[in-house]
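Student: Quick note, the sequences are listed as chains A and B, same order.
Taken in order, the first sequence gives residues 1 to 115; the numbers are from my numbering.
Taken in order, the second sequence gives residues 1001 to 1113; the numbers are from my numbering.
There could be a bad hint or two in this list.
Derived DEER-like restraints, expressed as beta-carbon distance ranges [claimed, not checked]:
id : chain 1 : residue 1 : chain 2 : residue 2 : range
1  : B       : ALA1081   : A       : GLU66     : 38 to 46 Å
2  : B       : GLU1015   : A       : GLU64     : 43 to 51 Å
3  : B       : ILE1051   : A       : SER39     : 26 to 34 Å
4  : A       : ALA1      : B       : ARG1109   : 27 to 35 Å
5  : B       : GLU1015   : A       : PRO40     : 22 to 30 Å
6  : B       : SER1022   : A       : GLU66     : 22 to 30 Å
7  : A       : SER52     : B       : PHE1012   : 45 to 53 Å
8  : A       : SER3      : B       : GLU1062   : 47 to 55 Å
9  : A       : SER80     : B       : PRO1008   : 18 to 26 Å
10 : A       : SER52     : B       : PRO1008   : 21 to 29 Å
11 : A       : THR5      : B       : ALA1081   : 28 to 36 Å
12 : A       : LYS68     : B       : PRO1008   : 37 to 45 Å
13 : B       : ARG1109   : A       : GLU20     : 28 to 36 Å
The set of hints was computed from the structure by calculation and includes no laboratory data.
Glycine residues also receive a C-beta, built at the ideal position from the N, C-alpha and C atoms.
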Amino acid sequence: AQSVTQPDIHITVSEGASLELRCNYSYGATPYLFWYVQSPGQGLQLLLKYFSGDTLVQGIKGFEAEFKRSQSSFNLRKPSVHWSDAAEYFCAVALNAGNNRKLIWGLGTSLAVNP
Amino acid sequence: DGGITQSPKYLFRKEGQNVTLSCEQNLNHDAMYWYRQDPGQGLRLIYYSQIVNDFQKGDIAEGYSVSREKKESFPLTVTSAQKNPTAFYLCASSPGTKGAEAFFGQGTRLTVV
């Protein structure tokens, strides 16, 4: 069955430090991969997505992610974290089976940023 | 501005009452989704619809109902059969094409007392 795993439930980093959030997926076909961010009490905002082509994708707010097929991973990175990056981050895979179009979600990683 | 509007943002209801959450989109998207979010459980799919007048159950449909009479609207009713309805509910829409991302509303926090 298709699944998405975010191994880290909670991460704390210092402001200005680099960040990497992990995402592993289990999906037999070509994956369509997404990272979303959610601030408390808000909806989700798309950070970036990967469909094909260059395996390093750039997103909004200075985030990037690298797709590694051999590792079934799509890790999110940021070189220097800002206090405003504190939020919940979700990785997702698009399920495309016939007419069935929906996203499979990881459980999320909560990011705290120390000043 | 194009987007998804969920209303109300906060909703309080007494136990045993049905309640309907509104979701409207002006993005001309074919697909719409309802998710429930509880702490530590990520997003769980309640119902989704890929075209007007058609919808499918998601992973946790029991105690919920939906309708899709118009492309723009996908209301969710939380019925008295839902055992633990207090949660944060998110509506999303998507063009419905292969691999398309979802766009989210701001959510409705439902509290049943």
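Student: Hints numbered earlier in the text: which of these fail when held up against the supplied structure?
Tutor: 6, 8, 9, 10
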